[in-house]
Amino acid sequence: MPANGSYVIDDKEKGIFLLDRSVHVSEEILREEMRKIFAKCWIYVGHASEVKKPGDFVSRKVAGRPIIFVRDQKGQVRCLFNTCRHRGSVVTTERCGNARRFMCVYHGWSYGNDGSLARVPSEEAYTSAFDKGDLGLRTPARFESYKDFWFMNLDPNAQPLAEYLGKATEYMDLVVDQSPSGQMEVLPGTQEYDVAANWKLMVENSVDDYHLPTTHSTWLNFMKNSGVVMEPPKGAGMVLPTKGLAIDLGNGHFTTDNVNFRGRPVAAWIPLYGEAAKEEMAAIRAELVERLGADRAKRVADTNRNLVIFPNLVINDGSSVTIRTFFPNGVDKMHVTAWALGPVEESESARARRLDAFLTFYGPGGFATPDDVEALEMVQKGLANWQDDRWSEMSRGMGHEDGEQLNSDEFHLRLFWRKWNAMMGEQA
Amino acid sequence: MSAVTRAEVEDFLYLEADLLDNWKLPEWEALLTDDAGYYIPANDDPHGDHRSSLFIIADDRERIHQRIIRVMDPNCHAEFPKSHLSRIVGNVRILSQDGDTVVAASTFVLHRYRRYERMGEYVGNTRHTLKRVGDSFRIKERRVFLKSHELGSLGSVSFIL
Numbered sequence: 020m021p022a023n024g025s026y027v028i029d030d031k032e033k034g035i036f037l038l039d040r041s042v043h044v045s046e047e048i049l050r051e052e053m054r055k056i057f058a059k060c061w062i063y064v065g066h067a068s069e070v071k072k073p074g075d076f077v078s079r080k081v082a083g084r085p086i087i088f089v090r091d092q093k094g095q096v097r098c099l100f101n102t103c104r105h106r107g108s109v110v111t112t113e114r115c116g117n118a119r120r121f122m123c124v125y126h127g128w129s130y131g132n133d134g135s136l137a138r139v140p141s142e143e144a145y146t147s148a149f150d151k152g153d154l155g156l157r158t159p160a161r162f163e164s165y166k167d168f169w170f171m172n173l174d175p176n177a178q179p180l181a182e183y184l185g186k187a188t189e190y191m192d193l194v195v196d197q198s199p200s201g202q203m204e205v206l207p208g209t210q211e212y213d214v215a216a217n218w219k220l221m222v223e224n225s226v227d228d229y230h231l232p233t234t235h236s237t238w239l240n241f242m243k244n245s246g247v248v249m250e251p252p253k254g255a256g257m258v259l260p261t262k263g264l265a266i267d268l269g270n271g272h273f274t275t276d277n278v279n280f281r282g283r284p285v286a287a288w289i290p291l292y293g294e295a296a297k298e299e300m301a302a303i304r305a306e307l308v309e310r311l312g313a314d315r316a317k318r319v320a321d322t323n324r325n326l327v328i329f330p331n332l333v334i335n336d337g338s339s340v341t342i343r344t345f346f347p348n349g350v351d352k353m354h355v356t357a358w359a360l361g362p363v364e365e366s367e368s369a370r371a372r373r374l375d376a377f378l379t380f381y382g383p384g385g386f387a388t389p390d391d392v393e394a395l396e397m398v399q400k401g402l403a404n405w406q407d408d409r410w411s412e413m414s415r416g417m418g419h420e421d422g423e424q425l426n427s428d429e430f431h432l433r434l435f436w437r438k439w440n441a442m443m444g445e446q447a
Numbered sequence: 021m022s023a024v025t026r027a028e029v030e031d032f033l034y035l036e037a038d039l040l041d042n043w044k045l046p047e048w049e050a051l052l053t054d055d056a057g058y059y060i061p062a063n064d065d066p067h068g069d070h071r072s073s074l075f076i077i078a079d080d081r082e083r084i085h086q087r088i089i090r091v092m093d094p095n096c097h098a099e100f101p102k103s104h105l106s107r108i109v110g111n112v113r114i115l116s117q118d119g120d121t122v123v124a125a126s127t128f129v130l131h132r133y134r135r136y137e138r139m140g141e142y143v144g145n146t147r148h149t150l151k152r153v154g155d156s157f158r159i160k161e162r163r164v165f166l167k168s169h170e171l172g173s174l175g176s177v178s179f180i181l
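Residue numbers (this note's numbering), protein chains in the order written: chain A, 20 to 447; chain B, 21 to 181.
Be a bit skeptical, because a hint or two may be false.
Pairs of lysine to any residue residues, derived as SDA-like cross-links and limited to a Cα-Cα distance of at most 20 Å, are as follows [unchecked claim]: (1) A:K352 / B:R138; (2) A:K243 / B:I88; (3) A:K71 / B:H104; (4) B:K160 / B:N95; (5) A:K59 / A:R84; (6) A:K80 / A:D39; (7) A:K253 / A:G269; (8) A:K71 / A:K55; (9) A:K243 / A:N279; (10) A:K55 / A:V96; (11) A:K151 / A:P140; (12) B:K167 / A:T356; (13) A:K80 / B:G172; (14) A:K33 / A:M417; (15) A:K400 / B:G140; (16) B:K102 / A:M397; (17) A:K72 / B:D64; (18) A:K243 / B:I89; (19) B:K102 / B:P46; (20) B:K102 / A:T233; (21) A:K400 / B:I89; (22) B:K151 / B:E161; (23) A:K151 / A:F162; (24) A:K297 / A:S368; (25) B:K44 / B:H104; (26) A:K352 / B:G172; (27) A:K71 / B:D64; (28) A:K243 / B:N95; (29) A:K352 / B:S173; (30) A:K243 / B:H85; (31) B:K102 / A:V398.
Since the hints were derived computationally from the structure, they do not count as laboratory data. Here the structure is a predicted model, which is why all the values come from computation and not from measurement.
Please take these sequences and the hints and turn them into a complete structure.
This is the structure:
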């Protein structure tokens with residue numbers, strides 16, 4: 020911990036918020052984060068739709084832990100540590116597949132897709148104390164889901180997931196409400212990109228609408244070229260054509276909630292989608308109104324929201340729906356994974372529109388994300404002066420923290436830092 | 021239509037590589053047909069269809085045009101200053117010829133440097149669908165398959181791969 024016990028200067032009287040830049044460069048802080056943040060919080064693992072059938076699995080690293088996210092023969096979704104109980108090898112190197120068994124290639128111990136130890140070659144060599152029933156693949160202490168979003172927690176004493184998510188579920192519901200049956204699915208094709216920057220810079224970037232006009236001027240230009248009308252910002256402090264708010268959801272979770280101007284596959288037409296899409300999109304909207312009522316349909320269709328579930332899950336319901344998660348890989352590097360999410364019953368043409376809209380903004384080849392990556396990497400480079408230029412200025416909107424907070428204020432970024440700072444201050 | 025030779029296709033692909041490496045994108049754009057497409061599927065779903073699977077890039081002709089406008093703009097921060105690109109194209113084969121349409125396979129290795137740093141080495145295959153026009157070609161489709169198991173370490177694909 021720093022000398023005064025805090026990484027932030029949070030002066031509500033003067034309206035000043037400063038962040039100690041050591042948080043982005045210190046190896047010691049990263050080690051502490053792994054213990055105090057990643058081993059204490061609910062961390063997103065995967066979406067149930069990624070493992071539709073019994074035996075379907077994906078293997079990935081979550082908070083530095085290699086895990087297998089799998090649906091067992093009985094249909095139960097599980098999270099298994101990808102580590103053989105014998106001598107510690109990973110038991111699968113496949114990124115995804117379907118398997119009844121996971122066999123360790125070292126000595127041949129094999130496990131059922133529920134994690135139980137199924138077979139040990141020449142088992143007779145062990146004494147009677149050797150208990151196969153106790154040697155199944157280990158699992159994270161807790162593994163729970165909300166509407167098909169599965170999270171793990173390494174802390175056995177953690178509060179239940181639903182309680183942890185709290186009000187964030189209202190914003191997850193707005194995403195899931197796109198589907199008439201309430202079922203969303205992760206679409207095939209994964210995007211990945213490393214960013215040479217501290218992972219927490221991605222949290223800030225994911226909800227910071229202040230940066231859009233400068234970082235993404237070429238994207239705004241593209242939107243204009245495709246026929247989207249860009250009204251100049253009207254309100255004080257606004258930087259975008261429409262008004263957007265930053266909203267505190269408690270527990271370190273927060274979201275932007277913006278009146279849409281950029282088009283939404285569900286269901287706000289822009290010229291980019293083409294004339295032929297108008298009719299189908301009107302039908303999608305009519306279904307929303309019919310099912311949800313006019314007010315909620317309007318929220319689903321006419322607002323875009325970037326939601327952060329503390330500490331490292333972002334659900335963007337913007338130009339398309341993305342699930343994005345990221346983990347530190349050293350203090351100055353993160354690995355980002357992003358998926359597209361859509362309603363299971365979506366038509367072929369609506370699905371194609373969703374995927375096309377995704378690529379207009381997001382991902383390593385998108386018209387916006389590469390410039391975010393560039394901005395974050397520029398920050399990390401600049402932070403090399405941290406010892407002599409210690410504080411980042413994050414006071415935007417401090418003057419009216421008890422009132423309405425704009426998406427272009429830094430209110431929501433401060434929520435993250437306050438939560439992070441409090442957790443890092445705890446003994447663990 | 022007389023048979024296209026591999027040498028003719030090679031000459032064309034080398035020309036294209038030179039234009040792309042040197043950011044002569046308007047000149048490259050002039051080599052595209054009016055219905056050209058440019059695709060990079062996700063590493064974990066190389067044979068997917070961009071209408072049902074998330075790609076890295078799935079540009080129709082108009083989107084390619086917009087991409088060129090974007091990356092040539094000094095406000096395209098990911099490519100200002102521009103990457104230094106150097107690609108070797110090899111293993112060129114003609115897979116099929118049907119009238120004036122030729123499908124060609126090739127392998128590439130591309131080195132990328134930026135900000136005085138090495139940014140990455142991209143390796144993979146390209147499948148070109150070419151239209152014979154006079155004694156040259158126009159590009160109807162350019163589909164790039166990245167061979168790396170994961171794209172992560174390569175970062176953004178903010179140039180034309």
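Each hint, compared with the structure:
Restraint check: the Cα-Cα separation between K352 of chain A and R138 of chain B comes to about 15 Å, which is no more than 20 Å; the hinted pair holds. For a cut-off of 20 Å, the pair hint linking K243 of chain A to I88 of chain B stands: about 15 Å separates their Cα positions. As the CA atoms of K71 of chain A and H104 of chain B are separated by approximately 44 Å, the hinted pair breaks the 20 Å bound. Annotation: proposed proximity of K160 of chain B to N95 of chain B is violated, straight-line Cα distance about 29 Å (limit 20 Å).
Annotation: proposed proximity of K59 of chain A to R84 of chain A holds, straight-line Cα distance about 14 Å (limit 20 Å). For the hint linking K80 of chain A to D39 of chain A, the alpha-carbon distance of about 29 Å lies beyond 20 Å, and the restraint is violated. At most 20 Å may separate the alpha-carbon atoms for a hinted pair to count; K253 of chain A and G269 of chain A exceed this at roughly 30 Å. A distance of roughly 33 Å separates the Cα atoms of K71 of chain A and K55 of chain A; the hinted pair therefore is violated under the 20 Å criterion.
Among the hinted pairs, K243 of chain A with N279 of chain A is consistent with the structure: their alpha-carbon atoms are about 15 Å apart, no more than 20 Å. Our distance criterion of 20 Å between C-alpha atoms is broken by K55 of chain A and V96 of chain A, whose separation comes to about 27 Å. For the given pair, K151 of chain A sits about 12 Å from P140 of chain A by alpha-carbon distance, which is consistent with the 20 Å threshold. For the suggested pair K167 of chain B and T356 of chain A, the alpha carbons sit about 18 Å apart, so the restraint of at most 20 Å is met.
Restraint check for K80 of chain A and G172 of chain B: the C-alpha separation of about 13 Å stays at or below 20 Å, so the hint holds. For the suggested pair K33 of chain A and M417 of chain A, the alpha carbons sit about 9 Å apart, so the restraint of at most 20 Å is met. Of the pairs offered as hints, the one joining K400 of chain A and G140 of chain B holds, with about 18 Å between alpha carbons and a cut-off of 20 Å not exceeded. For the hint linking K102 of chain B to M397 of chain A, the alpha-carbon distance of about 15 Å falls within 20 Å, and the restraint holds.
A threshold of 20 Å between alpha carbons decides the hint, and for K72 of chain A with D64 of chain B the separation of about 19 Å falls inside it, so the pair holds. With a C-alpha separation of about 13 Å, the suggested pairing of K243 of chain A with I89 of chain B holds against the 20 Å cut-off. Proposed proximity of K102 of chain B and P46 of chain B is supported: the alpha carbons are some 15 Å apart, at most 20 Å. For the given pair, K102 of chain B sits about 18 Å from T233 of chain A by alpha-carbon distance, which is consistent with the 20 Å threshold.
This hinted pair does not check out: K400 of chain A and I89 of chain B have alpha carbons roughly 28 Å apart, beyond 20 Å. A C-alpha spacing of about 10 Å is found between K151 of chain B and E161 of chain B, which places the hinted pair at or below 20 Å, so the restraint holds. Distance hint between K151 of chain A and F162 of chain A is unfulfilled; the C-alpha atoms sit about 23 Å from each other, more than 20 Å. Taken as a hint, the K297 of chain A and S368 of chain A pair is honoured in the structure, with Cα atoms around 12 Å apart against an allowance of 20 Å.
Only pairs whose Cα atoms come within 20 Å are accepted, and K44 of chain B paired with H104 of chain B is accepted, the gap being roughly 13 Å. Of the pairs offered as hints, the one joining K352 of chain A and G172 of chain B holds, with about 11 Å between alpha carbons and a cut-off of 20 Å not exceeded. Only pairs whose Cα atoms come within 20 Å are accepted, and K71 of chain A paired with D64 of chain B is accepted, the gap being roughly 17 Å. Proximity of K243 of chain A to N95 of chain B is assessed by CA-CA distance (about 15 Å); at most 20 Å being required, the pair is judged to hold.
Restraint check: the Cα-Cα separation between K352 of chain A and S173 of chain B comes to about 10 Å, which is no more than 20 Å; the hinted pair holds. About 14 Å separates the Cα atoms of K243 of chain A and H85 of chain B, which keeps this hinted pair within 20 Å; it holds. Among the hinted pairs, K102 of chain B with V398 of chain A is consistent with the structure: their alpha-carbon atoms are about 19 Å apart, no more than 20 Å.
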